[in-house]
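Asks: Let chain U serve as the given structure and place chain R on it in line with the hints.
Spelled out, the chains give:
Protein chains: 2
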Amino acid sequence: MTLLSDIAGTEVAGIGLGGPLPDADVHGEKAAWLGAAAAAGLPVPPGFAIPPGAVPAVDDWLARLDAPGRPLLLSVRASAPGAARDFAPAVLNIGLDSETRPAFEDWLGPRGVADLARRQLQSWGCGVGGIHAEEFEYALFDALKAAGKDDETELDAAELEALAETFAAIIADEDAPPLPARWQDQLAGALEALPERWHGAARRRAARGEDAEAPVALIVQRMVLGVAPGLSGAGVAQTRNEASGERRLSGRWLPGAQGEEALLGLRTPRLVDGECGFAAALEEAGAAAEAALTDAASLEFTVEDGTLWVLALRPLRASARGTVRIAVDLAAEGVIPRDEALLRVDPRLLDEHLHPTIDRNAPRDRIGRGLAASPGAASGQLVFSAEAAEASAARGIPSILARIETSPEDIRGMHAATGVVTVRGGMTSHAAVVARGLGTPCVVGASDLLLDLDAGVLKAGDGRRFEAGNVITVDGGNGDVLAGRVEMVQPELTGAFATLMDWADDARRMGVRANADTPLDVDVARQFRAEGIGLCRTEHMFFEAGRIAAMREMILAESSADRQAALAKLLPVQREDLRALFRAMEGRPVMVRLLDPPLHEFLPHGQAELAELARAMDISIDTVLKRAEGLAEFNPMLGKRGCRIGIAYPEIYEMQARAIFEAACEAGAETGDGVRPEIMIPLVSAKREAEVLTALIDRVAAEVRAERGRMVEYDVGVMIETPRAALRAGDIARGISFLSFGTNDLTQMAYGLSRDDAGRFMRDYLALDVFDHDPFHTLDVDGVGELLLIAARRARAEKPDISLGICGEHGGDPASILFCERAGFDYISCSPYRVPIARLAAAQATIVEARRKEGAA
Amino acid sequence: MTLLSDIAGTEVAGIGLGGPLPDADVHGEKAAWLGAAAAAGLPVPPGFAIPPGAVPAVDDWLARLDAPGRPLLLSVRASAPGAARDFAPAVLNIGLDSETRPAFEDWLGPRGVADLARRQLQSWGCGVGGIHAEEFEYALFDALKAAGKDDETELDAAELEALAETFAAIIADEDAPPLPARWQDQLAGALEALPERWHGAARRRAARGEDAEAPVALIVQRMVLGVAPGLSGAGVAQTRNEASGERRLSGRWLPGAQGEEALLGLRTPRLVDGECGFAAALEEAGAAAEAALTDAASLEFTVEDGTLWVLALRPLRASARGTVRIAVDLAAEGVIPRDEALLRVDPRLLDEHLHPTIDRNAPRDRIGRGLAASPGAASGQLVFSAEAAEASAARGIPSILARIETSPEDIRGMHAATGVVTVRGGMTSHAAVVARGLGTPCVVGASDLLLDLDAGVLKAGDGRRFEAGNVITVDGGNGDVLAGRVEMVQPELTGAFATLMDWADDARRMGVRANADTPLDVDVARQFRAEGIGLCRTEHMFFEAGRIAAMREMILAESSADRQAALAKLLPVQREDLRALFRAMEGRPVMVRLLDPPLHEFLPHGQAELAELARAMDISIDTVLKRAEGLAEFNPMLGKRGCRIGIAYPEIYEMQARAIFEAACEAGAETGDGVRPEIMIPLVSAKREAEVLTALIDRVAAEVRAERGRMVEYDVGVMIETPRAALRAGDIARGISFLSFGTNDLTQMAYGLSRDDAGRFMRDYLALDVFDHDPFHTLDVDGVGELLLIAARRARAEKPDISLGICGEHGGDPASILFCERAGFDYISCSPYRVPIARLAAAQATIVEARRKEGAA
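For the record, the sequence lines run as chains U and R.
Position 619 (the first sequence) corresponds to 618 in numbering that gives the first Met the number 0; numbering is contiguous.
Position 553 (the second sequence) corresponds to 552 in numbering that gives the first Met the number 0; numbering is contiguous.
This is chain U alone, in the form it adopts within the complex (with noise of 0.2 Å):
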């Protein structure tokens, strides 16, 4: 064989062969897992795996591959390694000439050979000339036609010799290679082919988001015949249910077929059984593939007058919940250890645990696609207000409600609806980080959608209209909105999940708390046990009705008499509100944050709803107008909030700490359980003003001792979402017990980059590769990152047992928690409904960190 050089030092590894087995990084997975289940005594096919790169001289291994008294017929398939595995063509039936074929009739006679002919130059044609399988299948289903049969196995030997021959005229109409006449430049034709077929298909491999540079290997392969004489065929099967995670296995397969025909002929494929005749040695080979791979396997297979060959083998792709009950039926089996099982789940995939989702079989109807901003999947009635939002759900109607952007005003609408659909907006847009927080599966900036509330439409991008309640879903974990409602599959808490999860608890490190301000949410973080709140936002006690009417009456006072008059209308709510709380977390921590948004986000937004207000609460218009005007901000986000707010007028924060206090002790006092509050500042940026809120806080502690005679403990911590508070962590750990990152806060202050303004460009910046990943949802390591290391660093020096955690988006992001590990923070706090995913994830973070620890050791 001129064409190959021979170049010394090529890896060449055997599949079936003895000697080093191929190695996943270099000869690809395919290559591997066939090797390796060749080595465990699988019924493999002898072969070998050449690496990326020029050719190697392949002689020597040629002659390892015949077998006796039958002549050599080979495959040669791609096997790229790791995630851009999907697409590999392959050519089959190498080996057929002019000079073996009397070997080839002495098999098979004249009608196999003339179908062996055909299949090769199909085979071929596809593989190494690139033109397209159905165009082979046409010209079959044409001679199936004239011939007046219903299936190729009926075909004679003359009608597939001029098959054959309408296939060559097909490879030539194509401009492609025609086929070699001796089997050692088929050989050596499909060596060279199939890398250069795998490199032209480098812009599909990037449109998929894999890696369109990654390099190829080959597996040469001695073929057996799936349409040998006696019982042959080819088929697939899989050692356990995709779906549900079933131990049980199951296949199909075709008679007379070899390669992908059981998946895409034109026959129907059998279903593996009882009376197939290979079932047993199927059996046995999916036990073996299993302990192979040390995963549920899928297998291709073929049959050859009666013996079962495995050609092919991976990990079973499985869905996320079989995802979960494979892994932990596999811990439970003794193949794989506990932190192997934990590391097999993708903590995102726990989703589908804990929300609806839509059937993946399920057919869509997709009219408009935005941001999935809160997983699950909901059906319901289009409502176009808060409002209509709650009367449909006091009718016990689900509802999905549609609007351009949420606001606080539109929160008990969002409480009421059965799902959420935004037309602008970004990932941690309000309506994102509410619909997360209450587990209503959401959509936000769905830009292609055209919302007109005068008219009471929702418009498709295709032009079609949906009116108030029409039904449509949304898909929060896609991001997809559909016509009409989808069929969906319900979560379950239960079996392998709760194993799994105590898994996860007994390996992690870090304390797992969920953001939790409702006695809904508080049910969830429990439900998901969490360990604690690590951020309970005060001001989310104050939207509600009856409440926000207070809150206006505060904010609109002219003094600080009158505002402490409104605040004591506020003092019972919150401590009502507070107390439930700490009775519902029976002494587990709880972080109360101070009032952080600023005045004016409890303010109605334009001039009518003003007036009504300023009607409702009897001053005048002028009044409410300028109040509201002094109050309005260029940059709401950088301006007067979080303890800005509680220095200017520290009666409120005096009200809230009052509230937090008085709570704790009748709620302590009530459960006998000890409550030991936490009490959290927002927005610092000094030093000194951590200081001046401390002793204000400290100061109503020493009151509601001297009043109640006993009082709680309670520690207070800042929260550090300004880059500056990070940098200057060190000062301002000297005086406090604790430092919560609000990574949310700290993203859009060290990128200057709203949340809420950053939906609109983000997605081309990830288009264009500008960000890497979006830094609302990951937490950005280099420079976010770097800013928690600093401010880790310097508190911890000034205070060695400072407590340190996150308590932004990002604690429900499993690349963000191992950050957390690597970090050595104390607990991350996430979403209720993300508490799961963060027990997994920190369970990981730990094992992994572990691992490297000790490799590095």
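For the record, the hints were derived by calculation from the structure and aren't laboratory data.
In this text, all values refer to a predicted model and were calculated from it rather than measured experimentally.
Note that beta-carbon positions come from the ideal geometry of N, C-alpha and C, so glycine has one too.
Check before you lean on any hint, since a few could be wrong.
Label-pair distances were calculated between CB atoms; the ranges are [stated by the list, open to error]:
id	chain 1	residue 1	chain 2	residue 2	range
1	U	Leu-788	R	Glu-690	22 to 28 Å
2	U	Asp-453	R	Ala-467	37 to 43 Å
3	U	Arg-733	R	Glu-690	40 to 46 Å
4	U	Ala-497	R	Arg-698	32 to 38 Å
Replies: Coordinates of chain R only, in the frame set by chain U:
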């Protein structure tokens, strides 16, 4: 003296007695200056200074104060170190008692002793008892009235003795300690009481921003007697004119007086002139005092029987102009080196040289107070709109533009107005920044003014109403808004000022550039000898009439093609502006920043204006509204601005890059100066942004080179405005030539604090000491400063020759400039009107830093 305990090691220092001199840090400046003057041969009565703390035994010291043939008379004065030196109680005339009285009678006669006795009582009552001097003055006035005499010198011995009895009664009535019978007890009482009175005035010092807890030393000195027989009296003098700085001795004195009577007494003092009998001695003392202080001097003196004595001396407190002239003259006279002259002038004083200021003696009728946002003062007719300001300017009438706050639409009005006042906004609000750039006096955040634009009325806090056309005055030097026209002092850029600037340019290391966008800016920058433009904000070129239309067309474009059509109209405009700029700068470096503000800033506000725009552009109002709504942002500061615009709409930055290159080619060809533009990419937060846009700029450069057959050299740099960019400066630096720190935005983002919204609580924060200083005014060294240092270190590690500078508002702030010197920055850039301040501050920074290094070495 039993009250005085002997404490070993207490450092009493002598004045005019040889031995170690008093130390300003220990004994106070007053004592130190006196000691130095005595040592230099000035006629200073001998004495000694007691450091703060317990009073030591002083008998030995007292013994050294005896004057032969004359009874001992003593004064005790407080002498405070440092800044807290104004209020300093004293007790005079200690020494007269029943035992020493005969000796005094021998010297002064009965009337003289009676006069001394009543003076002794008054001084004791005020200095020890803390009684207001008026109490005694009223009694004196009553006595004169009763005696029918005009002047205390006319009172006879009996009348003076009666007055002394009245004075003793006042002391008794006020429950003050009575004057002790023995002079030793008088001294002990004064030594004990004065520190108590000093510490009792802590609150008063705090209210003046001085150190409330400052310790106090005491000076005990032999008294010379201005009420002695012969040519006797007391007065004050100064060696140079405090307003102009001119070298000319002047003074006032009062015969037969002592202490501060020449300044505060009931009699009218005389000028010191050739007739007074001690002019030559005073002239000589003045020259000696200047030599001792190495500065212009203020003197307090007493003449006793024809002999001049200097009782106190200190550096003259001169006006801003006087300070400059004195420093330059002293250096020219060889009294101080040039470096010292440069350090003598607080750079902020130069404002008085650069802008008209209100005459310090003019009456001020204040109607409101805000922040001193842009220095200088202006009077003019009140106008309420940019149009009215322009109309007024067209008629040649100075106007003061009053607005709630300003927006880019007001810029033409701000150009036309002679002064600006806004009701809202902080030191870096739009109005403040633009006004400083224009050199227009401006007061912002004058929140006690009520501006009713509908009624056309500006209401003062006291209820007065000012309508359009009424004349008001704004004092941008202190934030006052005044009724009517006020007397001004005009600026003066030659003479001593010019000399000082020359010396500063010789001394400084860093380059000083100006932030300049318009031809006017460039004129001012050149007039003030900026070495280049450090920040040319290209967007300001688009706000002018005739340009904003094309800009809006570009913004409203639906497609990239429409956008390019609009940009084609803007290209020649931008190119012409830049060509003029390059020509005017004659080859000096010019740093051009690509478009930075969010696009919505270029659209008008309000429905009516948008409707008018739609009509003018002949497109539907719906389209305009929809586009405006689409561009609206929650937090514009953190929105789609800076390089995010350049990445989203590359055609905009392409147009700008082309304009820069074409303008540079043309200007270079016309003038023969080498024009090497520096192109600055704004608001970078990730390396990739800089890479993408540098590639775009390089591509346009290649196109221009190809089209024109010639091309200029250019540099590309990045504006570091986000904390993340500062942290990633190493990465970012690799591909570019310079980093310019935009410290305004960096401060906003480090603190999480919008400059536009900070105004409403910054004053409280400063008053409560939450922030030491306004971080938008003086660089926050601890937080933002650390980001600058991290960025500088990382950038230089990657690219040692990278140029570093700042172009935020801090570029004109002396403390921030010192920081830049220490950080080793290459240049600073500031508003044109602050260039002289920056030049001087940079020189001082170089000198101070060199001295610090010498001190360390």
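Asks: Decide, hint by hint, whether the structure agrees.
Replies: Hint check:
For U/Leu-788 and R/Glu-690, the Cβ-Cβ distance of about 26 Å falls inside the hinted range of 22 to 28 Å, so the restraint holds. Between U/Asp-453 and R/Ala-467 the beta carbons are some 40 Å apart, a value that agrees with the proposed interval 37 to 43 Å. Distance hint check: the CB atoms of U/Arg-733 and R/Glu-690 are about 42 Å apart, consistent with the given range 40 to 46 Å. Restraint check, U/Ala-497 to R/Arg-698: a C-beta distance of roughly 58 Å breaks the suggested window 32 to 38 Å.
Going down the numbered hints, you'll see the structure goes against just number 4.
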